[in-house]
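Asker: Listed here are the chains, written in short residue letters.
Protein chains: 4
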Amino acid sequence: MIVLMNSGTDNELKEHSRFFEASGLRAYTVSTSKGPVTTFMGPDHAGLEQLPKLSPAFQCMQPSVPYVLASKTIKDTPTVIRLANGTSIGGKDLVIMAGPCSVESESQMAEAARAVKESGATVLRGGAFKPRTSPYAFQGLGLEGLKMMRNAADREELAVVTEVMDPDDIPVICEYADILQIGARNCQNFALLKKVGKTGKPVLLKRGMMTTIEEFLMAAEYILSEGNMNVILCERGIRTFETETRNTLDISAIPVLKSKTHLPVVVDPSHAAGNWKLIEPLALAAVAAGADGLIIEVHPTPETALCDGKQSLRPDKFASMMEKINQLYSMMATHRS
Amino acid sequence: MIVLMNSGTDNELKEHSRFFEASGLRAYTVSTSKGPVTTFMGPDHAGLEQLPKLSPAFQCMQPSVPYVLASKTIKDTPTVIRLANGTSIGGKDLVIMAGPCSVESESQMAEAARAVKESGATVLRGGAFKPRTSPYAFQGLGLEGLKMMRNAADREELAVVTEVMDPDDIPVICEYADILQIGARNCQNFALLKKVGKTGKPVLLKRGMMTTIEEFLMAAEYILSEGNMNVILCERGIRTFETETRNTLDISAIPVLKSKTHLPVVVDPSHAAGNWKLIEPLALAAVAAGADGLIIEVHPTPETALCDGKQSLRPDKFASMMEKINQLYSMMATHRS
Amino acid sequence: MIVLMNSGTDNELKEHSRFFEASGLRAYTVSTSKGPVTTFMGPDHAGLEQLPKLSPAFQCMQPSVPYVLASKTIKDTPTVIRLANGTSIGGKDLVIMAGPCSVESESQMAEAARAVKESGATVLRGGAFKPRTSPYAFQGLGLEGLKMMRNAADREELAVVTEVMDPDDIPVICEYADILQIGARNCQNFALLKKVGKTGKPVLLKRGMMTTIEEFLMAAEYILSEGNMNVILCERGIRTFETETRNTLDISAIPVLKSKTHLPVVVDPSHAAGNWKLIEPLALAAVAAGADGLIIEVHPTPETALCDGKQSLRPDKFASMMEKINQLYSMMATHRS
Amino acid sequence: MIVLMNSGTDNELKEHSRFFEASGLRAYTVSTSKGPVTTFMGPDHAGLEQLPKLSPAFQCMQPSVPYVLASKTIKDTPTVIRLANGTSIGGKDLVIMAGPCSVESESQMAEAARAVKESGATVLRGGAFKPRTSPYAFQGLGLEGLKMMRNAADREELAVVTEVMDPDDIPVICEYADILQIGARNCQNFALLKKVGKTGKPVLLKRGMMTTIEEFLMAAEYILSEGNMNVILCERGIRTFETETRNTLDISAIPVLKSKTHLPVVVDPSHAAGNWKLIEPLALAAVAAGADGLIIEVHPTPETALCDGKQSLRPDKFASMMEKINQLYSMMATHRS
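Residue numbers (the numbering used here), protein chains in the order written: chain E, 68 to 404; chain V, 68 to 404; chain G, 68 to 404; chain F, 68 to 404.
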């Protein structure tokens, strides 16, 4: 169920909002090409069919897809997410998020931050709380790691993206990070999605290894329906029978998502491939297919990395890749405009 | 890393425990065919190679699989989990868990409980907190639903299994349920696994749609490594390209798991198939393949169910299926002993 | 397009057949519970809508599934395929096909034939022309192997099933075998399907690793539409992300197929699992799920096998498994009748 | 087993060839950066270990991968396949193959040929013998279709690629086509692979929907081992759980294949996506990831196509896509050289 206000005055909106909210509906205001549009949504249909009769300003709509707020039906302009350091995601610039898999030390983060900034990244990535298949594997430095990452980012005027796994960690991660990352294994952890939704912070939502595109958009909807429209979708490879790569990068997901949603789409070739040699061709492919950004593992010394060294780029390889990426993105941009 | 005590006296165990714990190791005591064995495990190897020298009673072992506590290496007898109502899981009886997908009302639960008890179930299933792909779908009755389920179960002397999605709900679910269920989508939600591990309560861990058998055992290890050995593994179908069934029941997972772990293995044919007509042949197949139990959706009136009606059995179909299941299990039992 | 004659006299049938055939239709006569029914089918709809007007005996039908001859729409009784040695497939007996992966020698086949006959098999399996992933792997003994298999089978009054890969080999295989096997990799090799269809010989069609159940039935339809109704469907595992087993036995395919088609369904647990230890539980599961038969790799000395030794049962293991299988099938039979 | 001659004189080669061939070995001569290298290969190891002792010019090698002739071990320069119309595949030019799914008429082919030529294609594609899931679907125009395609191609100086399904059709297809295509469903139809291998004609081998990259290279090896080094590999999407696209284009397969083999790699975005709207982004991604060419469905009037109209580009869309593709390929080329 959905009620769209498209021609109502501010007064009409205010007047009816009370009635709608009393009916258990929730208001969502999104900016569209026609200005802000407020949508009221609720869990069931009780009596809502009569709402349009209240005022011609309200139109009752039966959505054709189960993800309403994520769909282009409700918002026909791309969502652009702006961070404190000036980065905008989903706009005309390609956003580059880069950094090591895990935060390991002050010096490692400082070096990584400097290197990725130099090559054009504006967001620093790094894991302080790590989801590991084994309970005995390195689980991350936690709060200490968050502080190291924040310090390194601040020195380079980078924003910070880091993963949240445990709802209990949300407050502290919100304090240190600009973007909360939801990992692939938690893509359908609905309790966590609702909780990061409530923070209002930008969320980078990774697609699960076996999440269909429709389920992925429904997972985003869990965040959006808490009133948080700052969701970045991240394709990072799906699980298939092929074993040459860790996962199979679903390159088609980029244009399919762009056709269905106004949310920005970034690509993580590092986790998809699991092999640094494949990152450059996959990153180029992602940009050619229309991605709004990339998230890449870069480590000053991959051979000593505590985690995922095999899939991390050295700073020099990252720099030479970024040159090609920028050239390609410029070429793509001439066709867009 | 792992340290096994196999010939030490109680005094030796006590004496060295302090030293081990100071080294960051944790003690796990499991019962084996040779009596209780205490294993010390820790996150890294620091200095542990010298431990055996302290006393010949301690043997330092390099496990061949990454799930140590779940493996048969450490425990060569089947784990049997006993519930308050006398049900035991993993022992000589086939355990039957049955009930509706969602708790809907007192009368629905009362009727369901009576029906499943009559046909031999000893555990009542039902969802009070529901994981739904869409945030707008019915999310369950919550606490009120838990109470309805407990009442219905108590009248029939059934145990209760129900899903926990949000760590915040763990205390209240522990109060009303005998077994905490972790759903397929949370199979690798490590924060939640650790928290249900800490409760010590029996946990029914459903295999994720995209989880390999090795990853599944590693997920169990997250619970076990919190000192909670009461884990029941549940095969419920994996995601494949086939669309005739909702998921593909991985029947081979039963003998593969039984060859690798001492934990009980139950099968959920209802969610695997997504179609009540397939439940009987799949349930029979599961028992023939060696399952320790079944978890089946039974609803007094599937056509009015708020959720998953299509895959719910009517009580009469359940009764006639249980007759065949019991006959088959008796036949299987004669070959086991 | 399909035209059904259900109440016409023999004369009406003869009279109209000429007209139908001139319209490019082909006649298929199948036996049903109401006696033989002749169906006329053709590649397009041209003018066929007016056919029923010719005689009320003809009913023009729009099939709801794309596999017409394979479906229960056209034939409501199980297809039973009878072989020269008295074996019938799809009837009241469970059919057991067993033998080595590859024909290797006279003595190996003699020993295998004796062993499988003793435990109740009535069909001898063995590969003379082998489909191997590598062109450098052992490709089979060819004609010489066919002769060895026939000799061994004849001595034990067994029927012979063997794979055909190359259309050129069809005549010679027809001479020596009772059933032509189409391997999983050729499941959608339409040229080959049509050619084995034309022989009229019973065909064991293995499901491809990547073939949906609908595609599988369409592949069978290629054989049936050549006028050969003697098709046996064989589930042998599909490809998924799981790596503990060579393929994932799709146990649900058995009841799904039985609900859609009148053709017999057998199961090959050896190729599905790729591990002899899993054959017994999977074979029991297949029978419990309603399979009409099993095809099992049995080798007198698996450790010396030229191919697939790891998944071959020794004769003694096969014998003890067959005891349980027979007991289970008897139990199942009491419920069917 | 493999024997490499790298420093021998022509005389030594001739002298030993007789001995090798008598031992059941077959000679393969490939051109490498060090000039032509002749490799002798055979089905088993019998006595071959002593071969190097015959002459120091021969080196006995144990290959690290099971596809020897397809691997870079044996040939370190890219294979370039030259067609009669001047097209070369695998060299410095991007090759574009385009045309309708099925040959339907003289005028359709003439129009398609003109349109694709205009936009830069040098190879005309079109199906005369069609592999269809259903035996009742349009099976192609056969020989008549071949002639129409050849005529249309000749008028525009295009080469012709078309699928061969039945070994019986090989001679006639060789007469009319420049490249024989093996479809995805026949990727492991080893009998057919050997037969197209024997023709010596260029072969476009499509990856099967569930063929791993290693199995794909082994399938190519079946063709190569018949002495036909003119194999073009084609990635066309694999089967996964995702249903938004017909198949999932495995973009990573491009760099993975390029790292393992000297054979050219082309990409078919039309069959991968099953939706014309996705063709442009996927084609751009394929070129960005390093593909040597593209094979694209272009139909003058997709809405009237007898087959796959939904995934066919109109000529104008194809033209505008080709502009971007060419610009991208030029950019890529500057980095290669």
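Keep in mind that the hints are not guaranteed to be accurate.
Any copy, or any two copies together, can satisfy a pair, since identical chains are not distinguished.
[Claimed, not checked] Computed list of lysine-lysine pairs in DSS-like fashion (alpha-carbon distance at most 27 angstroms, straight line):
| hint | residue 1 | residue 2 |
| --- | --- | --- |
| 1 | K344 | K214 |
| 2 | K261 | K344 |
| 3 | K391 | K261 |
| 4 | K268 | K214 |
| 5 | K81 | K327 |
| 6 | K261 | K159 |
| 7 | K325 | K81 |
| 8 | K214 | K159 |
| 9 | K377 | K325 |
If you are wondering where the hints come from, they were derived from the structure by calculation, not from laboratory data.
Asker: If the cut is 27 angstroms between Cα atoms, do K268 and K214 qualify within a copy, between copies, both or neither?
Answerer: within (18 angstroms within a copy, 36 angstroms between copies)
Asker: Between copies, within a copy, both or neither: which fits K344 and K214 at Cα up to 27 angstroms?
Answerer: Result: close neither inside a copy nor across copies, 31 angstroms intra and 46 angstroms inter.
Asker: With 27 angstroms as the alpha-carbon cut-off, assign the pair K261 and K159 to within, between, both or neither.
Answerer: Classified as neither: same-chain Cα gap 29 angstroms, cross-chain 42 angstroms, threshold 27 angstroms.
Asker: What label fits K377 with K325 when the C-alpha limit is 27 angstroms: within, between, both, or neither?
Answerer: For K377 and K325, the Cα distance is within 27 angstroms only across copies (20 angstroms; inside one copy 31 angstroms).
Asker: With identical chains treated as interchangeable, where does the CA-CA distance between K325 and K81 reach 27 angstroms or less: within a copy, between copies, both, or neither?
Answerer: neither (33 angstroms within a copy, 61 angstroms between copies)
Asker: Using 27 angstroms as the alpha carbon limit, work out where K81 and K327 are close: within a copy, between copies, both or neither.
Answerer: This pair counts as neither: shortest intra-copy Cα distance 31 angstroms, inter-copy 58 angstroms.
Asker: Check K391 against K261 for me: Cα-Cα at most 27 angstroms, and say if that holds within a copy, between copies, both or neither.
Answerer: For K391 and K261, neither the intra-copy (39 angstroms) nor the inter-copy (42 angstroms) Cα distance is at most 27 angstroms.
Asker: If the cut is 27 angstroms between Cα atoms, do K261 and K344 qualify within a copy, between copies, both or neither?
Answerer: neither (37 angstroms within a copy, 34 angstroms between copies)
Asker: Between the shortest in-copy and the shortest cross-copy C-alpha distance, which are at most 27 angstroms for K214 and K159: within, between, both, or neither?
Answerer: neither (31 angstroms within a copy, 50 angstroms between copies)
The structure fails to meet hints 1, 2, 3, 5, 6, 7 and 8 from the earlier list, while all remaining hints are met.
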